[in-house]
Amino acid sequence: MSKNTVSDRFRKVDVDEYDENKFVDEEDGGENQGGPDEAEVDGLLRQGNMNGALHAVLKNPPINTKNQNAKERAELLVVKVLSSFKSSDIEKAMGSLDKAGVDLLMKYIYRGFEKPSDNSSAVLLQWHEKALAVGGVGSIVRVLTARKTV
Amino acid sequence: MAYHSFLLEPISCHAWNKDRSQIALCPNNHEVHIYKKDGTKWTKIHELKEHNGQVTGIDWATDSNRIVTCGADRNAYVWTLKEGTWKPTLVILRINRAARCVKWSPKENKFAVGSGSRLISICYFEQENDWWVCKHIKKPIRSTILSLDWHPNNVLLAAGSCDFKCRVFSAYIKEVEEKPGPTPWGSKMPFGELLFESGGGGGWVHSVCFSHSGNRLAWTSHDSTVSVAEGGKTGMLTSLSSETLPLLCVTFITENSLVAAGHDCYPVLFVYDGAKGGLTFGGKLDVPKQAAQKGISARERFQNLDRRASESQSTDKDLNTLHKNSISQISVLEGGRNQCTKFCTTGMDGGMGVWDVKTLESAMKNLKIV
Numbered sequence: 001m002s003k004n005t006v007s008d009r010f011r012k013v014d015v016d017e018y019d020e021n022k023f024v025d026e027e028d029g030g031e032n033q034g035g036p037d038e039a040e041v042d043g044l045l046r047q048g049n050m051n052g053a054l055h056a057v058l059k060n061p062p063i064n065t066k067n068q069n070a071k072e073r074a075e076l077l078v079v080k081v082l083s084s085f086k087s088s089d090i091e092k093a094m095g096s097l098d099k100a101g102v103d104l105l106m107k108y109i110y111r112g113f114e115k116p117s118d119n120s121s122a123v124l125l126q127w128h129e130k131a132l133a134v135g136g137v138g139s140i141v142r143v144l145t146a147r148k149t150v
Numbered sequence: 001m002a003y004h005s006f007l008l009e010p011i012s013c014h015a016w017n018k019d020r021s022q023i024a025l026c027p028n029n030h031e032v033h034i035y036k037k038d039g040t041k042w043t044k045i046h047e048l049k050e051h052n053g054q055v056t057g058i059d060w061a062t063d064s065n066r067i068v069t070c071g072a073d074r075n076a077y078v079w080t081l082k083e084g085t086w087k088p089t090l091v092i093l094r095i096n097r098a099a100r101c102v103k104w105s106p107k108e109n110k111f112a113v114g115s116g117s118r119l120i121s122i123c124y125f126e127q128e129n130d131w132w133v134c135k136h137i138k139k140p141i142r143s144t145i146l147s148l149d150w151h152p153n154n155v156l157l158a159a160g161s162c163d164f165k166c167r168v169f170s171a172y173i174k175e176v177e178e179k180p181g182p183t184p185w186g187s188k189m190p191f192g193e194l195l196f197e198s199g200g201g202g203g204w205v206h207s208v209c210f211s212h213s214g215n216r217l218a219w220t221s222h223d224s225t226v227s228v229a230e231g232g233k234t235g236m237l238t239s240l241s242s243e244t245l246p247l248l249c250v251t252f253i254t255e256n257s258l259v260a261a262g263h264d265c266y267p268v269l270f271v272y273d274g275a276k277g278g279l280t281f282g283g284k285l286d287v288p289k290q291a292a293q294k295g296i297s298a299r300e301r302f303q304n305l306d307r308r309a310s311e312s313q314s315t316d317k318d319l320n321t322l323h324k325n326s327i328s329q330i331s332v333l334e335g336g337r338n339q340c341t342k343f344c345t346t347g348m349d350g351g352m353g354v355w356d357v358k359t360l361e362s363a364m365k366n367l368k369i370v
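Top line first, the protein sequences correspond to chains A and Z.
Oh and the first sequence: position 64 is 64 in the numbering used here, straight run, nothing missing.
Oh and the second sequence: position 10 is 10 in the numbering used here, straight run, nothing missing.
Think of the hints as simulated: they come from the structure by calculation, not from any bench.
Among these hints, one or two may not hold up.
[What the hints assert, rightly or not] Sample of chain Z residues with no beta-carbon within 12 Å of chain A, all distances over it, derived: (1) 54; (2) 63; (3) 203; (4) 212; (5) 257; (6) 336; (7) 356.
[Stated by the list, open to error] With a straight-line Cα cutoff of 20 Å, these simulated EDC-like cross-link-like pairs (lysine to aspartate or glutamate) come out: (8) 139/Z to 20/A; (9) 138/Z to 26/A; (10) 130/A to 243/Z; (11) 71/A to 38/A; (12) 138/Z to 20/A; (13) 138/Z to 163/Z; (14) 284/Z to 230/Z; (15) 139/Z to 19/A; (16) 87/Z to 31/Z; (17) 138/Z to 25/A; (18) 41/Z to 73/Z; (19) 130/A to 98/A; (20) 139/Z to 25/A; (21) 49/Z to 73/Z; (22) 148/A to 163/Z; (23) 107/Z to 19/Z; (24) 99/A to 243/Z; (25) 18/Z to 38/Z; (26) 135/Z to 108/Z; (27) 139/Z to 26/A; (28) 138/Z to 19/A; (29) 22/A to 163/Z; (30) 59/A to 98/A.
[Unchecked claim] Label pairs and their calculated CB-CB ranges: (31) 99/A to 307/Z: 36 to 42 Å; (32) 20/A to 341/Z: 46 to 52 Å; (33) 63/Z to 12/A: 57 to 63 Å; (34) 69/A to 255/Z: 46 to 52 Å; (35) 301/Z to 84/A: 41 to 47 Å.
Every residue, glycine too, gets a C-beta built ideally from N, C-alpha and C.
Let's have the full structure, built from the sequences with the hints guiding it.
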């Protein structure tokens, strides 16, 4: 058998990095987006103000930041708030959100599907059904086409 | 509303002649077929075979009776009718990727071709050398151009691209025209000048359309949004996130109303309020066929159980729209873009639907076309 005497490290080069026509997304300053305020949300949950907690947790989404920790913290917080709702209250809460809020909630719901924990999938599916009724397929398309995810 | 099924394959693109008696369409292959209207029937009268790749765009210059086609083989041909047959002339586009869309300018002295090479080729006829020459608009386009539309002043060109932006360029060619006067979009218009660029984010821009006056520009994007921008008012960019699947084509039917259609297989009306700068959903423009709901016989019940594991006759998944697959192109037939009375849609189901605006207005009770 012939022996390979020349190095084959070239096969492991990522050619796309050197493509001068490579499409790079525009950078928007995302350093200040730390995600929703944990203290505020926890406070509202303890008070039993579910709708308020929902609105608070949807504020300040870490969309532009590259900080993965911020995104994870935000996601866990959102799942916590969503799980603490009673099934019958979900629809009313959906009604209080505006279009942008519904789109943002959809993004969080799909993010939550990615990392399922004990009961999260069931809760998220309930929320997904109600959000779909309000936002339509369009809101799901916006989750799929979004360049900057939550 | 009339519907004619031309083929079983998708219609890639279509174009009408001046009196709307003939339609040129591409049956999803390398050819262009021209059909002539015979009462209610359509007969094929010409087959234009020259392209080596799928024909991606057709435009018919109604006044000078020339057809321009562009294809995935990186070529464009201008066809002229000589002695009853269409003769092609090759246009060198100097692109190294497929051409995606083509449009004659309003005065028909030049045409624009959008391609996957991330540039727009503006082609005009050079008398001395008796051939078509092209100039390129490259900056700052970063991806494939999916759609083009000319402004009525024959100079400005809107382009929708896969880099998520809709732009307005100047395509002023000094060899064929005079310097244009100022417009709401800008006054200095050298060739290739960028006069407007929409914000990033969102999805690929599938379709762009200028209004009849040219002061408004609408585009649809893959993130299920429709947007309208007004020339001169840089802050005025209104977007509507729709609840439907992405829309693939859009056209103005009056100065304030848009009709768009896409993957949901039915046309949709949008109304733009210039004063408040708001875009609202006007209504779904398909009239569903009246489902004949007689009682279901016992035999049918069991048949349905057998076939679908449910007893009901039709499910929500059945399409009760005119088109049975996505609508990919929409064109105005009568009335122009300010007083449209008829428009036509073609789609992936190989069918063509002709829609009458008056009939739609009376059929849908809450529909008001302003």
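Going through the hints against the structure:
1. For residue 54/Z, the non-interface assignment is confirmed: its Cβ lies about 24 Å from the closest Cβ of chain A, beyond the 12 Å cut-off.
2. Every C-beta of chain A lies more than 12 Å from that of residue 63/Z, the closest at about 39 Å, which supports listing it as non-interface.
3. Listed as a non-interface residue, residue 203/Z fails to keep its Cβ farther than 12 Å from every Cβ of chain A; the least gap is roughly 4 Å.
4. Here residue 212/Z stays apart from chain A, with its beta-carbon at least about 28 Å from theirs, past the 12 Å limit.
5. The claim that residue 257/Z is not at the interface with chain A holds, since no C-beta of that chain comes within 12 Å of its own (minimum 20 Å).
6. The claim that residue 336/Z lies off the interface holds: its Cβ sits roughly 30 Å from the closest Cβ of chain A, which is beyond the 12 Å cut-off.
7. Every Cβ of chain A is farther than 12 Å from the Cβ of residue 356/Z; the closest lies at roughly 28 Å, confirming the non-interface assignment.
8. Under the criterion of a C-alpha separation no larger than 20 Å, the hint pairing residue 139/Z with residue 20/A is consistent with the structure, at around 14 Å.
9. For the proposed pair residue 138/Z and residue 26/A, the alpha carbon gap of about 19 Å is at most 20 Å, so the pair holds.
10. At roughly 14 Å between alpha-carbon atoms, residue 130/A and residue 243/Z fall within 20 Å of each other, so this suggested pair holds.
11. At roughly 13 Å between alpha-carbon atoms, residue 71/A and residue 38/A fall within 20 Å of each other, so this suggested pair holds.
12. With a CA separation close to 15 Å, the supplied pair residue 138/Z and residue 20/A stays within the 20 Å bound.
13. Between residue 138/Z and residue 163/Z the alpha-carbon distance is near 13 Å, which keeps this suggested pair within the 20 Å criterion.
14. Proposed proximity of residue 284/Z and residue 230/Z is contradicted: the alpha carbons are some 25 Å apart, above 20 Å.
15. Proximity of residue 139/Z to residue 19/A is assessed by CA-CA distance (about 18 Å); at most 20 Å being required, the pair is judged to hold.
16. Between the alpha carbons of residue 87/Z and residue 31/Z the distance comes to roughly 14 Å, so the proposed pair stays at or under 20 Å and holds.
17. Taking the CA atoms of residue 138/Z and residue 25/A, the gap is about 18 Å. The hint holds against a cut of 20 Å.
18. Simply put, residue 41/Z and residue 73/Z have alpha-carbon atoms about 33 Å apart, too far for the 20 Å limit, and the pair is violated.
19. Between residue 130/A and residue 98/A the alpha-carbon distance is near 14 Å, which keeps this suggested pair within the 20 Å criterion.
20. For the hint pairing residue 139/Z with residue 25/A, the CA-to-CA distance comes to about 16 Å; that is within 20 Å, so the pair holds.
21. Straight-line distance between C-alpha atoms of residue 49/Z and residue 73/Z comes to about 13 Å, which keeps the hinted pair within the 20 Å bound.
22. Annotation: proposed proximity of residue 148/A to residue 163/Z holds, straight-line Cα distance about 14 Å (limit 20 Å).
23. Among the hinted pairs, residue 107/Z with residue 19/Z is consistent with the structure: their alpha-carbon atoms are about 18 Å apart, no more than 20 Å.
24. Simply put, residue 99/A and residue 243/Z have alpha-carbon atoms about 10 Å apart, close enough for the 20 Å limit, and the pair holds.
25. At most 20 Å may separate the alpha-carbon atoms for a hinted pair to count; residue 18/Z and residue 38/Z meet this at roughly 16 Å.
26. Distance restraint check for residue 135/Z and residue 108/Z: the Cα-Cα separation of roughly 16 Å lies within the 20 Å cut-off, and the hinted pair is therefore satisfied.
27. For the proposed pair residue 139/Z and residue 26/A, the alpha carbon gap of about 16 Å is at most 20 Å, so the pair holds.
28. Distance hint between residue 138/Z and residue 19/A is fulfilled; the C-alpha atoms sit about 18 Å from each other, no more than 20 Å.
29. A threshold of 20 Å between alpha carbons decides the hint, and for residue 22/A with residue 163/Z the separation of about 11 Å falls inside it, so the pair holds.
30. Using a Cα cut-off of 20 Å, the hinted pair residue 59/A and residue 98/A holds, with the two alpha carbons roughly 12 Å apart.
31. At roughly 40 Å, the beta-carbon separation of residue 99/A and residue 307/Z lies within the given 36 to 42 Å, and the hint holds.
32. Taken as a hint, the range 46 to 52 Å holds for the pair residue 20/A and residue 341/Z, whose Cβ atoms sit roughly 50 Å apart.
33. Separated by about 59 Å at the C-beta atoms, residue 63/Z and residue 12/A satisfy the suggested range of 57 to 63 Å.
34. Hint check: residue 69/A to residue 255/Z, Cβ distance near 51 Å, so the stated range 46 to 52 Å holds.
35. Checked against the given bound of 41 to 47 Å, the beta carbons of residue 301/Z and residue 84/A, roughly 45 Å apart, stay inside it.
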